[in-house]
Structure formats: structure tokens, C-alpha cells
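Residues per chain, in single letters:
Protein chains: 2
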Amino acid sequence: MANTPITPRAENYAQWYQDVIAQAELAEAAGVVKGCMVIRPHGFAIWEKMQADLDRRFKETGHQNACFPMLIPMSFLEKEAEHVEGFAPELAIVTHAGGKELEDKYCIRPTSETIIGHFFSRWIDSHRDLPLLINQWANVMRWELRTRLFLRTGEFLWQEGHTAHSTHAEAREEVARMLDVYADFAREVMAMPVVRGVKTANERFAGALETRTIEAWMQDGKALQSGTSHDLGQNFGKAFNVMFQNDAGEREYVWQTSWGVSTRLVGALIMSHSDDNGLVLPPRMAPIHVAIVPIFRKDEERAAVLEAAGRIADELRADGLVVEVDDREGLKPGAKYYHWERKGVPLRLEIGPRDIAEGAVMAKRRVADLDERGRPKKEKIPMEGIGAAVGKVLDELQVDLFERALARREADTVSIDSWDDFQAVYADGGSKFVYAHWDGTTETELAIKEATKATIRCVPLAGEGPEVEPGVCIHSGQPSAQRVLFAKNY
Amino acid sequence: MANTPITPRAENYAQWYQDVIAQAELAEAAGVVKGCMVIRPHGFAIWEKMQADLDRRFKETGHQNACFPMLIPMSFLEKEAEHVEGFAPELAIVTHAGGKELEDKYCIRPTSETIIGHFFSRWIDSHRDLPLLINQWANVMRWELRTRLFLRTGEFLWQEGHTAHSTHAEAREEVARMLDVYADFAREVMAMPVVRGVKTANERFAGALETRTIEAWMQDGKALQSGTSHDLGQNFGKAFNVMFQNDAGEREYVWQTSWGVSTRLVGALIMSHSDDNGLVLPPRMAPIHVAIVPIFRKDEERAAVLEAAGRIADELRADGLVVEVDDREGLKPGAKYYHWERKGVPLRLEIGPRDIAEGAVMAKRRVADLDERGRPKKEKIPMEGIGAAVGKVLDELQVDLFERALARREADTVSIDSWDDFQAVYADGGSKFVYAHWDGTTETELAIKEATKATIRCVPLAGEGPEVEPGVCIHSGQPSAQRVLFAKNY
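Protein chains in written order, with our numbering: chain A, 18 to 507; chain B, 18 to 507.
It should be emphasised that the hints constitute simulated quantities derived from the structure, not laboratory data. Treat the hints with care, as some may be off.
Partial selection, computed: residues in chain B whose CB lies under 8 Å from chain A [unchecked claim]:
1) C53
2) V55
3) R57
4) N82
5) A83
6) L88
7) V111
8) T112
9) G115
10) G116
11) H135
12) E172
Keeping only pairs whose Cα atoms sit at most 30 Å apart, straight-line, the calculated DSS-like set for lysine-lysine is [as the list claims (entries may be wrong)]:
13) A:K394 / A:K349
14) A:K239 / A:K466
15) B:K117 / A:K117
16) B:K117 / A:K470
17) B:K349 / B:K315
18) B:K51 / B:K66
19) B:K51 / A:K117
20) B:K66 / A:K66
21) B:K117 / A:K96
22) A:K409 / B:K76
Every residue gets a Cβ at the ideal spot worked out from N, C-alpha and C, and that includes glycine.
Here chain A stands alone, though its shape is the one from the complex (with noise of 0.2 Å):
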């Protein structure tokens, strides 16, 4: 495994992007569970580090969480008329249990909105209940055809979050705040950019009355919808009787929301920062901070080195830092920087007898500029103050990752006005993010996708696209309000 190379993206994305995973060792295909995957430890902690991260954010904004049944009665999805129409195809469902034929079938929950009803309907009595602010992590199954690890998979973790409350104007407070957080999370935490916009009728979630979304750029040019927000209405309060009774002693339905983000979020991170070299991690969400590499010729060396290496661990570990000294026999300088730089460990420092006379260690980023011989930077950091000195590298490597991805982005985004330019961005397999004018109809909208595979991303919110000005629809030539994002999708 140590030597196999990793398939240039140029050459192949998707099979880079396999071989990143692979050599990284986040996760592999079950194979003998269709569609499944298992997340492997490095893979795991990072989606780790996202759910610390967030779980402080809703706790943060009032949300508590709590655990509800994976399993929903057949009966309940029925209850609301474009849900099961949407989620029906991808269902698995349990026919027998205890040894018995069941007389009412259960599916393996694709989503809770169904069952956190119901379970509302019996919390929920007086206006005195409301907000009513749950979150639930948890694992679900939508039973995919074509599954790609961690972007689509049979089964997925994720969180759900499922609100009530008592005015219209409440629950779309609440699906704004919970998209901002997913894209402060996205920005300041995984350095992805992220396009907040609303999703067209035909990309809604299936019995909402507006689902919101961030949209991240890939290297491919295509979009990843990262996190989603949905505005239910009282779609599912009339569905499951969700009523409370309001300050005037009438009996009233509930406004819900509900949001999410999954294990989906983990593949974003991958083909945001990663290079042909393998996984690049920003420092926020890498599992472990820094790689120490100690070098020795000469066996009266290594104690010394180890030791000075172990010191150095110490004293970036007494400031938070997860830190792994490479002492393994038998392996070769260059064969530890190689295991490193494709686990995605954001800083590596070598030690050697030189660097110790010399009370400075040499560091070398994930990623950094290149220097005039065209090879990646490195730096003499001294070990006197080195926790600092760390800190600050890892703190600007974080800023640059967001920087740099966001410049890729830039690069690969543009407004357009011509449908033949159009056809032409997405012409032999390519996508680029493009913003252009919409009539507003979704017969246009398909009609777009069928021609060119690109979909609308969303329709973004003031502020995350280009200005908002009027024009003329690329494909119908009807009057448009504003222009919105196109590409193709993950």
C-alpha cells in the first residue's frame, strides 16, 4: 500500500478520489452490504471533530438532542403524500422479526420527519411547549444504486435536527439561523466555500415548502449540496395532529422546520483541499496535528533525537495538539514523510543531530508555496517557543486552505449569457459553476439538464452570488429577476 501511487486528477478524478480514500485509509466499500461502506478509524475521527464541532453549535443555539426509533411503520410515511412519494423507491424494509412474519412492516428510517411528528404530537399541548428544539444524531438508509464512498452511500450518518414552533415567522427564523451555522461551519471549520442559496421546487425536499442549501465547489468543477435547511410548513403538523393550543386558547398546527448535514460533509472536505500527493486536512479538522519525523544515521544518534523529539511532542501536546512521533524501525525517512503527507497531517517536523545543535527544527506544511527551485517551502522553526511557532503555522495554514480553495472556485465560476457558451461549459464531461439567468419555471429547468446535465444549484441568498440584476433566461429568453447557480451535481 505504502508505494502505490495516486491516480492524478487530471487523469482520472473519480479514481483519485478513491485512491485518496484508499491510501488515507477513511473508508472502503463493504462490498458484502450493497451500497455500504465502513468508515475506517483515521475516517471516523475526522467525522468526529465535525460532530464536536457542531453539536457545540446547536447546543449552543438552544437545540438538545435526543433518540428516536430507526424504525418507522410503513404506515406513517404514508401519512404525508409527497413524502412517501419521494423517499418510497429508496426504502429498505423489515418484513420479519422474533422469528415471525410482521402484519405491520417497518422501513429502515431515510429520514425522521414522520416519526418525530408523531412523537411531537404527544410533547407538544400549549404555546408554553414551543420552540420545541430537538437534534438527533443517527444513522439512515436510502438504498442507492449508484453509491460513491461517503458522497452517496446505502447507508449514511448524519445529524437531523427537528423543530416546532408557533408562528410561520419563527420556523423560517430557525432554517436561516441553522443554514448560517452549517456555513460557518463549512468556512471557519472545514475552509470550504460555500454558496447559501434556495433550492428550485423540483430540488426540494420532499414535503417541504422551501429547502435551503450550501453548495460546495469540487475540483472537478462540479457542485456537492453540503448541508440543507427546510422550511416544512405545516405540511407535517397536519400529518401527524402536531397542534398546541396559542395565547388566545385556540388550538392551532405547528410550523416545523428540519435540517441536516451527513457523513457526506467528510467526501466534501476530501475533494476541497485534497492534491495529487493524497488527503490535505485543514488543521481544524485533522485528527492529528503534526508528524514529527526524527532522523538518525548512527545508532548514538537515536537517543538523542528520540529524545529531543519527544520533548518537542510534549510541549505542542500540553497545548491541545495531537501529535505522533514516527519511531518506527526500519522505514526510511522518506517513507514516513510519504505515510504522513497522505494521511493529511497539516505540519510535519524533522529532527536530526544537526537540527539539535542548532536548536531549530525543520517544518514542512501540507501544503505550501513553492520555493524557486519549485519545491515545496520548508522552514527552520526554533524549538525555543515552539508551541507558539506551531500554533501561528497552523492557524495561517488554516486561512491559506480556505484562500486557496476559494480562489479555485473563483477561477471556475462564471456568469454567462449565451446558451452556446453555456452548452459548452458542460460539453465532453466538464462543469464549471455558472451563473445565469432562469425563467423561474421547472420546465425550463429540466429542459436545461436534459440538455447539458447541469442542474440549478440553488438560487442564491443576497450577497453569495454575482449582483442581483434583472435579465433574459439563457434557454427561454423570458424575463428573469436574478441569476442563479448552475453546474453539475454530486
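The hints should help you fit chain B onto chain A, whose structure is shown.
The following block gives chain B in isolation, referenced to the frame of chain A:
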């Protein structure tokens, strides 16, 4: 709900348990999903605290988290003969998915030895890949007919550790180490005394060579198996062909272990400490440490009292405590006391105008000694330095709850040498922890169970039960090497 009485333990223990859970809003039966439950926010917050503490202990002992599919091919279970026999009656089966009947059926995992064994065989090749130390936090499904909230439910949450080693001795060390992790956690964090021991062949995990257990005493004299650690020998290694090349270059089967605790621990916690006034939580398990109840009669007192309450809350929060200031309008202080008592909050602070004038607040522990008039003691705590004082009270309560639980268990534990006395203990629905001699045969074990409903909970490890001394079996009169622990069980 607020004024519903809790059934006293002496009147109906099972109903008391349900009442405590309902009034603390910990969980409820799902109803619409047979045998399953919804864990409500206050109950889930307790589980999150358990997870956080245990997860830290698992990582400190070198384990990494991962995630395996929740569906297991039915053919996998059949590869280990005892395993499938043990679990087949409890399986939930997925027969249809994606709109079609599946050729190969899946079960929802009842435990994951089989599927993890399969992946271990892909990941392990040489002795350098060992030990492999994996943990998974997951939901599992065992279709149960007689369920009880937290203690026995169709779906439950748990962690399952799965490890592979190159020698049996090393695997057995792991089994012992993880049992100790569980025992330490139960004692130090849950304030719950447990007996560490070995299960008899009859009570062993399906497919294990040996099962170790921690057994907790509940207030009705029954035992609750609270965590288990299994020596799987090479059984799953052989079933799934998990082999490694040893130092000598030969291929050998690995030695495996598995170990788990579940949301059952929440039930154990409830029954270990709670009383006829509702839930009692040791401070280290409490999602809310302190409830502050502001007391005022006149509107002009209100601002000063709330200001002081807020100031104290901030000071305690700065020490990492979770504090609720109960400023709800229209509720009398007594109703608020009642509310937080039932939620199990360890410490209540009462603050009124006179307290502010005195510079001290009234503190009431959730469980306290009685004063000379037979009422729970309260104590004054000066506002100056209240953080340290409250910390001390909580630390003392943590220790005190363990000692109270231990004293109750000791008072309900007996050594018995006469079969008549033994039968008397278990007559009329009774139960105690009984140490008695047993001849070591399954035949006698089952005869005793048949006669009394008491089972052998474990053969205590050295130092866990009474002094080890030989004797004669209480039922058969045959020789016995040491007393074993009997009780009825959940």
C-alpha cells in the same frame, strides 16, 4: 404532570421505576414501534455524559472508533454455530429494499462480531497489524417480547469494542482491562458499586470462551448485568478466516475479544440512587448540576434577587458547572423545588432578599441527611467563594451516593449455606445478593433457577466477593471451590 405522585418503591417497584422515568422526562415507550423507546433530551444528556467519559477511557487505552454497516448478511451469522443459535430468535430481517425483494437477506445487527470479523480478515495480514483495537458506538436491534425502558428494549444504543491479538494471553489481558474500565467507570462516575466476575457457561455470550461481567445491585434486591467483556478465543477468527503471519513466518488465527455497555446503564443509574421523590443523579452524571430558585414576594424584590441569582450562576458556570436559574413566572418556589427534584438535579440553591442581606444562600442537596425534626438538612453557603463551596458539596455528594448505594447493597447481601434459607430469600417475589456454594455444573445451576428463579450472576473475581474458601454445594451437596453470587436478575 408536575403534580402526579410517584408510586413508592415499597408499594410497586416496577411502577416506581416507570414513574421516575416519566416524571424526569428521560424516555418513553415508542408504542408505534414494538419494544422500542424514545430517549428524551434529559435521558439522552445522561447517555451523552456516559459516552464522553467512556470514550475518553477507551482512547486512553489505545482504542480507535470506527463505523461498520448496521445490516449484516444472514449468511454471516451462520458461520459461527453458537452465535447464530444465540441470536437467531431475536433478529429483525430486511427482505425488501429499493422496491425489490432481496436475493440475499440481511438482519439488522444484534451485535457485530461477524461483520467486523469479516473486515478484520481484510485488514490483518502480519503481526505488525496487531493488536487491532477498535470500538464502535452504534444502535443494535434484538427483538424482545418483554421490554422495559432502558433495561431491555428492541433497539438500544451501545458501544461494542472489538479487538484482535496475536496471543491468547494478550487477548485475556484485554478482556480483564476493559472489565476494569467498566468497573472503574461504574464506581467513580456512576457512584454504583459493582461485583466483577466470570459468567457460568450457561450465561456466556454466544460464541465466547469466557464472559466477564460487572453486576450491579438494584433496590429491589435484583441484579443488573451492566457490562460484559468476552474472550472470543479463535472462534470468530476461524469462522471469518482472520489470520496473521507470526514472527516465525507461519499463518495463525488471531485471538479476539469483544466488550460492551449500553443504554441499559441509564436504567442501572436510575435504580441505583433514585428514591420515592424521583430521580437522583450523582453529580458526575448530572446534565444539570445546580438549580437556583429565586424567591421573592414583591415586585420590587424581583430585580435584586434575579440579579444575585444570575451572578451566582455565572460564577458556577465559570467552574464548568451547568446551572439553571428557574425564573419561570407564575410558579411558586415549592413547585420549582419539586420540578428539579424529580429531574435529579444534585444541588438546589434558594435565594431571597434575606439571603442577599446575609450574603449567603440556602443549599439543599438532592439526597441529604435528616435534621433533628426528620427533614432533609439544608445548609447556608456564603456567596463569597461560592464556587469552591459548591464544588466541595458536589464532590461530597458524589462520594456519599456511592457509600449509600454500597451500604444498601451490603445490607441486602448474605452468605447462605442452607437450601431452606436460600429458598426463603427468593420466595414471594423476593431477591437478595446471596453468596452460596455451587458444584460447578450447569445441571445444578438450572435446577436452582427452576426452583427459585435465582441465577448465578457470576463467579466473583478475587477480592470482589467473600473470602475464597471451599465448601459444599447448597443444592447438590457436592464439593465447591468458592461461593458464587446468586440473585434474580433483570
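Hint numbers the structure violates, sorted upward?
none
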